[in-house]
Amino acid sequence: MAPALEVKELAKVIGEKIIVDRISFSVDEGETFGFLGANGSGKTTTFNMLSGLLKPSSGEAKIFGRRVKDARREVGFVTQQDSFYETLTVKENLEFFASQYGVGREKQKDLIKKIISQIKLTSKANSLASKLSGGMKKRLNMGCSLVHEPKIIFLDEPTVGLDPVVRKDIWKLIKELQAEKKTIIITSHYMEEIEYLCSKVAIMFAGRIVASGTPAQLKKKYKLKQMEDVFAHLVKPAR
Amino acid sequence: MRILHAIRKELLETMHDHTMLAALIVFPVFVMLFMGSAFGSIEIQGLPVGVVGPTNTSFSSVLFSDLNQSQAFNLINYDSEEVAMTDFRDGQLRAVIIVPEDFEAALGSGSSSEVRIAVDNSDIALQEAILAAMGSVIQASSTNITRSYVTEAWDDLYLLNQSAADLAEDLNESRAKMEQTRSQLVKIQENMSNIDIGKLEDSLDSAADEIVLMQDKIAEQNDSSFLNKSEDFLYNASFAVNHSIDTVGETHAKLVDQSAELNDTIDALDASISALEFIKSTTSDNLTATALEINIATLESLRNTSVQQADDIEEEILELESLNDTLQSFRSSLEDYGVELGQVKADQSNTLGEVLDGLSALDSSLIESKQTITKLKLLFSEINSTTNEIDGTLEEVLEQTGSVDALINSLQGTVAAQTAKDPETIAAPLSVKVENQYVRNSFVDFILPRVIAVSLMFSCFLLASISVVREKTSKTIVRLLMIPGALGNAVVAKIASITLISLGQVGLILIIALLLFAVGMPSNIMMVVLGTVMSALVLASVGIIIGFYARSESAAIQTSLLIAIPMLFLGNIIFSPDLLPVYTQALQQLLPLSHITNLFKIVLITDGNPSTNLIALGIAFVILAIVQIITVMKRRDIGQYI
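Sequence order for the protein chains is G and D. The first sequence begins at 136 in our numbering and counts up one residue at a time. The second sequence begins at 49 in our numbering and counts up one residue at a time.
Be a bit skeptical, because a hint or two may be false.
The calculated DSSO-like cross-link candidates involving lysine-lysine, where the alpha carbons are at most 30 Å apart (straight line), are [to be verified]:
1) G:Lys242 with G:Lys335
2) G:Lys303 with D:Lys523
3) G:Lys204 with G:Lys286
4) G:Lys255 with G:Lys242
5) G:Lys244 with D:Lys523
6) D:Lys520 with G:Lys286
7) G:Lys310 with G:Lys259
8) D:Lys682 with G:Lys204
9) G:Lys197 with D:Lys523
10) G:Lys356 with G:Lys249
11) D:Lys265 with D:Lys418
12) G:Lys286 with D:Lys523
Facing chain G, from chain D, some residues (calculated, C-beta under 10 Å) [said to hold, decoys possible]:
13) Thr524
14) Val526
15) Ala534
16) Ala538
Hints were generated in silico from the structure; no laboratory data involved. The C-beta atom is built at its ideal place from N, Cα and C for all residues, glycine as well.
Use the sequences and the hints to build the structure in full.
Structure (structure tokens):
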């Protein structure tokens, strides 16, 4: 069985600058894979290439054995910034994105009901998105990425700037997705978030993966107690 | 100091906002160019104007020549008023001039004629410009026609004056001829009184006869003279002597030949005899010797005879030579005599020639005298012809008196014809009836197309551009890019929804106009819908393209204004396009707003056929659709939105 995500020698060069430098890794189905890296380390560029939004300069990435371009229907992409229509209601937003993915009307009704419940916005289903709180908007943003039942979900800094309560809500939602055997790729600055959510971690630095493994393996390898120390240890030479 | 920093910050912000900078530079230039042109002068140029009615008559050609020369109008002839008015309503013509059928006849008789001008009163500025231009031209034409009346009168009077002058000249000429004739007659009469022509003629004739007689006698004398006879004799004698000399010469030559032949024969006989004697001396045969002796004797006898003959011939030759000398001497004497005779004859001939020359000179004098007499006769003849001429001149004078009467009659007729014309009519022969073609119930009627066009332009521009900008600022465009085909769908959906909104907007405008301003319902609702749909498709497409390139909503609004404001100037909204500079004409045709305004004007006011504008909008939409596709393809890079 093909891995959920398989990346080989993936690279992105813009002008003379190497943004992503021939990275390789694979993620199995149902696994949650964490990308750690400082700002400008190439995380977001890698994410954009894996989600099919950006064309790689070289190398290849396959999602369930298919080229990214052909497997976009299987991908859910949760952007760092909210990306939905503020002037539409929660339900209207979900209906619109579901329709664009070609989800049938009957299935759409049940699916949207389920997602609204999952993102805990049942009471706000008919509220304008602009009227939602920050946490609600984050949840709606995730919900919009789930309307076509993707098998693999990319989360780009899903909890950045959120208060601890809201962050916990998001974690809970991610855990629910893990329970549904969804493959999740996540980037984050928060080490505890990565440790809590990810079964496997890759640390990116200057476009390259400088270390990868389970959080426990990495801490053991570098004989450090905290992932933050591991991260600081790996990116220290550049700072 | 803090206020200075604040000012610096504001200036820096403006400098970094390129759209605002462009607006700050472009707007004043644009306003200067087009407002200056529009308000600077209201000169119109080359406006298409239909002409119906007789255009090739002398008076109408004056009018249309003046209209053409003004360069304000491009006159197009129509056979039918109906066809011209259809083109007028379709927006192909700005006015129609209808010339009455009796135009030429009315003006020709000195009456006035009324020209109808159908104008587009929905465009007041253009209407006023057209009427002002036409008014001045018609005023000029009227003046020209008046001038033609006056010129005609002047021409008639000039011709009369010319005829009178010609007549006076003829009279003077006749008088001069008569005086000349009279003086010639006096001279001739004076000359004639001194000459007896008959007597002179008779004496000349008798002298001529005498000369002829003398000439005949001299000729006769010349022919029968002794000298001529002697000359004939000498000629004949010389001929006979020459002939005898020739005969003697010929005979002498023959005898010389015969003598030579005989001498040759004798020599041959001598040789034969010698040979026979040698043979005989050598032979011992007696018989042969005897025979040889006989032969030798025969040959000697023959030789002797030949010698005798040769001697005779020699004697004859000598005689002939003597005769020849005698004849030669005789011929010489004849020649000398002939020379002397020729000299004598020449002398005589010279003498007679001189006499004949004298006679000829005399004869020439007689001939000259006769010619003089002939001239005299001609003088008499001239006297007769001059007399006849005097009669003719008198007749001419009588005829010219008749012409003077005719001239006076003509003058009276011309004056009567010209003074019969009404001075007031002649002063202003053309009048104009302006026919406003469209009914105006309120101030809204004629601005309704512009209201709709402007509303559509701003709503479509802003709705489309801001909608696309919001997709980018809200990052929803990232989701659309993630979904295969979703961005294209979104663009089509935006245009379609804006088109529906535009239909609602136009409907609302029409309902308000109907209810509040009593504007009539458009006769062709389907064309209103079609026009709105086409307008919205084109304008929304422009808005979509603006949205893809604008970074923010304010930039989209600024860019929309940057595009909209020139279109307001050139799109038949603020100014009539015909009143703007000619170089903007082509640009106007490229602007969708011009076609949208014209389309709604035709549909709502003129009730014509807006197919030209619909086709133009269709072409614009196709081009813009292609530009949108290219824009969407180029703007798919996610890096621009994250």
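**Prompt:** Tell me, which hint numbers fail for this structure?
**Reply:** The structure breaks hints 1 and 10; every other hint is satisfied.
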